[in-house]
Every structure is written in structure tokens, then in C-alpha cells.
Amino acid sequence: MKKILFCSFILFGASGAMAADVTADGSAPLPGEGSSFTWSGAYIGVQGGGGWANGEFSGFGLSGSEDADGGTLGGFAGYNHQFHNNLVLGIEADLEYNWNEQQVFGADFGTDWAGSVRGRVGYAFDQALIYAAAGWAATRGYVEVPGLGKEEKTFNGYSVGVGVDYAFTNQIFGRVDYRYNDYGDKDLQGINVDVDQHAVKIGLGVKF
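Going by this note's numbering, the sequence shown opens with residue 123, and the numbers climb by one from there.
Since the hints were made in silico from the structure, they are not lab data. Note that beta-carbon positions come from the ideal geometry of N, C-alpha and C, so glycine has one too. Do not rely on the hints blindly, as some may be mistaken.
Unchecked claim - Here are the simulated distance ranges between beta carbons: (1) 211 / 275: 32 to 38 Å; (2) 235 / 267: 17 to 23 Å; (3) 272 / 322: 26 to 32 Å; (4) 208 / 296: 18 to 24 Å.
Could you put the whole structure together from the sequences, leaning on the hints where they help?
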């Protein structure tokens, strides 16, 4: 009698375990269903938005400042690692083109190509990632004077910012990013030019 009761208990337990593995519609769950989303992995994407640059100018007894605002368009690539406590660390690089020419002292001033390499730290709320980022930034600035031609130099500085990534699927995510770039100063056409920029960008990426 004891053996019969013991065998019945084993069979009942096994049947219950099998029933727990069957979904409400009677089908077995697919492998990986129910697993939580992770931000770990490499990714690439495109982004665009607006940049609000400011130049401080001094030379030839003149001084002043001028805004050079315009659109930006480019791409980014990076890698994230998500820890068990939802902390996310990563590194990202981007390259973009700026349209922001402006006249100052009768000359044309602007920046065109720009890029950065930034470390990122964030916290994941499942498919949403809130992050802060900081690192190196550079842009190519120029001053073009009628009759004297165009002089270009690469400005180097730093970038700090914050943003939100949101995953629409396991591979596709969107982004809103704000950053402040301080590119430092250079001498162009005998004028000292000090450039910084605020930028807001919207992006779309693919995670691998």
C-alpha cells in the first residue's frame, strides 16, 4: 500500500510539472520566452538633430561673439555591458556633419565635421536605458575671409551629456540625446576662435 501511494505521489508531481510548462492555449512555450531584456552587446545607428554653437572671437583689436546654429546628421556605434543590478557601462563613438555657417566681422565662420568618443554609465528599466556620458570631442572649424581664402583647423575638447535609449524590439531601439561640447580655441586667419555647442539629437539604432 505504501509503494502504491509513493508511486501515485511521484506521478502526480510529474504531471503537475508538465502542466505548468504548458501555456494557456495548450502549446509549450518557445525557448527563451519570458527572459528579461538586456542591453549588453554591440550596436550601430544613425542620428540627427540641432546644434547651437557659439564662437568667441578676438583679434586685430576686435572682440565679440556670434551664434552658429544649424542641423546635424551622422552615425554612432558602441558597446554596452549590463550587470545583474541593472547598471550599464559602455563606450560609444560618433561622427556627424554640421550645417551652421554664420558671418562675423565680415567673414564666414562655422564648423562642419565633428565627432566624439564617450564613456557611458546608465541604469536599465527593462527596455528603457537612462544614461550619462562624457569624453573627448572634436570638430573642424573654419573662417573664410573674402580675398584671403578659407582656413580650417581641428578643435579638440570634451563632451558631457545625458540621454534615454528605448528598445522597441530585442534589436531596434530609439534614442533622445542631449550634450554639451566644449571644443576649446584655435587661431584662424589671425583671429582667436573659442567654440562650444549645445546639441539635441534623435537616433535609431540596431543592437547585435
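Cross-check of the supplied hints:
1. Our hint of 32 to 38 Å for residue 211 and residue 275 holds, since their Cβ atoms are close to 34 Å apart.
2. Separation of residue 235 from residue 267 is about 21 Å and conforms to the stated range, judged on CB atoms against 17 to 23 Å.
3. Roughly 29 Å separates the CB atoms of residue 272 and residue 322, a value that falls within the hinted 26 to 32 Å.
4. For the hinted restraint 18 to 24 Å between residue 208 and residue 296, the CB-CB distance of approximately 20 Å keeps it satisfied.
Going down the numbered hints, you'll see the structure goes against none, and every one checks out.
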